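Peer 1: Listed here are the chains, written in short residue letters.
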Amino acid sequence: MINIRSLQHVYNKEQVLTFNDWTINQGEHWLMLGDSGSGKTTLLHIMTGLLKPSLGEVVINDAAIYRLSNTQLDHFRGKHIGFVFQRPHLVKSLNVVENLILAQSLAGLKISRQRIDEVLTALSIDDKKFNYPAELSQGQLQRVSIARAVVNKPALIMADEPTSSLDDKNAAAVLDLLVSQAEQGGSTLIIATHDSRAKARIEKTYLV
Amino acid sequence: MNVLSISTKSLRSNPLSAGLNILLIAFGVGIITMLLLASSQIENKLDNNSKDIDLVVGAKGSPLQLILSSIFYIDFPTGNIPLKDADALAHNPLVKMAVPLALGDNYNGFRIAGTNSGFIKLYDLKLAKGQFWKNDFEVTVGSVVAESQHLKVGDHFFGAHGLTGNGDIHKSHAYIVTGILTPQGNVTDNIVLTNVASVWKMHETKEVHANGKPEAYENGEREITSLLIQYRSPMSVVLFPRMVNQSTSMQAASPALESARLFSLIGVGVDTLQWFAVLIMVISAISVFVSLYNSLKERKYDLAIMRTMGASRIKLFLIIITEGICLTVTGTVVGLVLGHLALQMIGHYQDSTQAKLSGSIFLVQETYLIGVGSGIGLIASLLPAMQAYRSNISRILAQN
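Residue numbers (the numbering used here), protein chains in the order written: chain S, 42 to 249; chain W, 13 to 412.
For the record, the hints were derived by calculation from the structure and aren't laboratory data.
Note that the coordinates shown come from a computational prediction; the quantities given were computed from them, not determined experimentally.
Treat the hints loosely; a few may be bogus.
[Unchecked claim] Within a straight-line C-alpha distance of at most 25 Å, the following computed DMTMM-like cross-link-like pairs (lysine to aspartate or glutamate) qualify:
#  : chain 1 : residue 1 : chain 2 : residue 2
1  : S       : 210       : S       : 167
2  : W       : 21        : S       : 139
3  : W       : 21        : S       : 167
4  : S       : 169       : S       : 139
5  : W       : 21        : S       : 158
6  : W       : 146       : W       : 64
7  : W       : 138       : W       : 64
8  : S       : 54        : S       : 69
9  : W       : 164       : W       : 136
10 : W       : 309       : S       : 176
11 : S       : 194       : S       : 167
12 : S       : 133       : W       : 310
13 : S       : 151       : S       : 224
14 : W       : 146       : W       : 159
15 : S       : 170       : W       : 310
16 : W       : 312       : S       : 176
17 : W       : 146       : W       : 167
18 : W       : 309       : S       : 139
19 : S       : 169       : S       : 158
20 : W       : 141       : W       : 180
21 : S       : 120       : S       : 236
22 : W       : 164       : W       : 150
23 : W       : 327       : S       : 139
24 : W       : 133       : W       : 235
25 : W       : 21        : S       : 76
26 : W       : 312       : S       : 139
27 : W       : 57        : W       : 378
28 : S       : 240       : S       : 224
29 : S       : 120       : S       : 217
30 : W       : 108       : W       : 59
31 : S       : 120       : S       : 176
32 : W       : 21        : S       : 176
33 : W       : 63        : W       : 136
34 : S       : 210       : S       : 236
35 : W       : 327       : W       : 310
[Said to hold, decoys possible] Simulated coverage check for chain S against chain W, where a stretch passes if three residues somewhere in it have a Cβ under 8 Å from a Cβ of chain W:
#  : region
36 : 79-91
37 : 107-115
38 : 124-138
39 : 146-153
Where a beta carbon is used, it is the ideal one built from N, C-alpha and C, also for glycine.
Using the sequences and the hints given, assemble the complete structure.
Peer 2: As structure tokens, this is what we get:
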């Protein structure tokens, strides 16, 4: 489903990051491990079309994503990839439901309130539906950002350090939710982390 | 969720800054609207009141004063002219029509003008009720006079000496209302019309005036205030005024010329205010720019996240542009409303009934203001929008 081949990224003109080739099949769950600053985020951005690599190719579902036009790539990303970041960046001017509606409409999909309710209920934050991001706790925000990542049933869920700013209880809950939501939707899940708490849940690892 | 709703929701999440920007634009547009409306109304009034009058002949003095008193009924007359001199001019072959005007009295601030039926033709007057004045002491009143003084056909009232105030009332004769005019949209709405003889007779009984000096017509010599003249041919424009000014003891003044002079005097103030308004608009454009630019710093994550969710660069560009245009167009509309309200209020508190301004008149030029408003929004948001378009989302997201 996802293939990376001879990827290389040069930054600040001289520092070179080289990544091993990696093949991920549909529905697999992977951890991308590495210390802070090792290039996890860089690889994650390269794999999702946010950062063009200096060398090499990323193929998702038989499409070499860097051969798409900018707008096509944006569209592809919106439709097939759901993101969860370390900090749950929700759009501050929109409430929880509106943030999910935004995800559906930016991906070019039909607005489905039913799907939104379903996801919010599954993540047990349906009582915060009409609250604004500023009114939610970190744990709640991270759950909303997971809801936003899975609402379009993406083929791939990409999480970048989703647990590192959470306490043990919330971290466990977030990992549970990510895994269960990925399983329900049949999505491929990649979690980039240096958090040892995640290793207990997911076996396949890729070292950066 | 389209671009417009994303933009308006973002604006609404920061109401203070949006409010300030809208207020600034509204202030600038409001001033421009007021100027636009007021100057067009004044110009209109000037044109309307003097539309068919080519020349005013009166006593020597300031030509502007002569026009103000005999066309707009605002200033004091320059004095009186002998009736026989006026008659001689009226029968000049260059003159098509000459209408006498005898001023001097008022009724509760509304001027009483003695004239003849030529005045009806000159201003194309129509009756709402009753009939035109015929005999002595019969009057036909303008629509505003009738309404504000609650005058009906058949009512009696006393005139007072002078052009304002009612300290010195002519108790010897009462005027009787025989007719009321339809609203004409010019100065005739605010005057009381009667024949010249009534004005003379009102003053024949020798009254002792406050200043003790007897008026000229009280000495038996028939006089009028001025003569409103219509030319027979455009040729007269060159010949007639010079003839009057050089060979008689009277002066001739052209309403068109003097109105233009008057308007150019007002124009200086209008220009100053206009530049002031333009300055406010420039400041508001800068303010819109600064607040969009600042909000971008705060929202760069929001925008980057939208890119990860499938929004294209163009979409982000449009979101920012829309925010700018929304602010300025809202401000413009608010400004238009404010301008109209302010002018209506000024009109309400205005003393002069002759030059009342109204806020309920709309102009085509106002729609251009909305165009100008969106233009300002576009220009002010262009740079921030370019920045949103060009932002490196990978770098922003990596800056966790």
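Peer 1: May I ask which of the numbered hints given earlier this structure violates, with the numbers listed in increasing order?
Peer 2: 8, 20, 21, 25, 31
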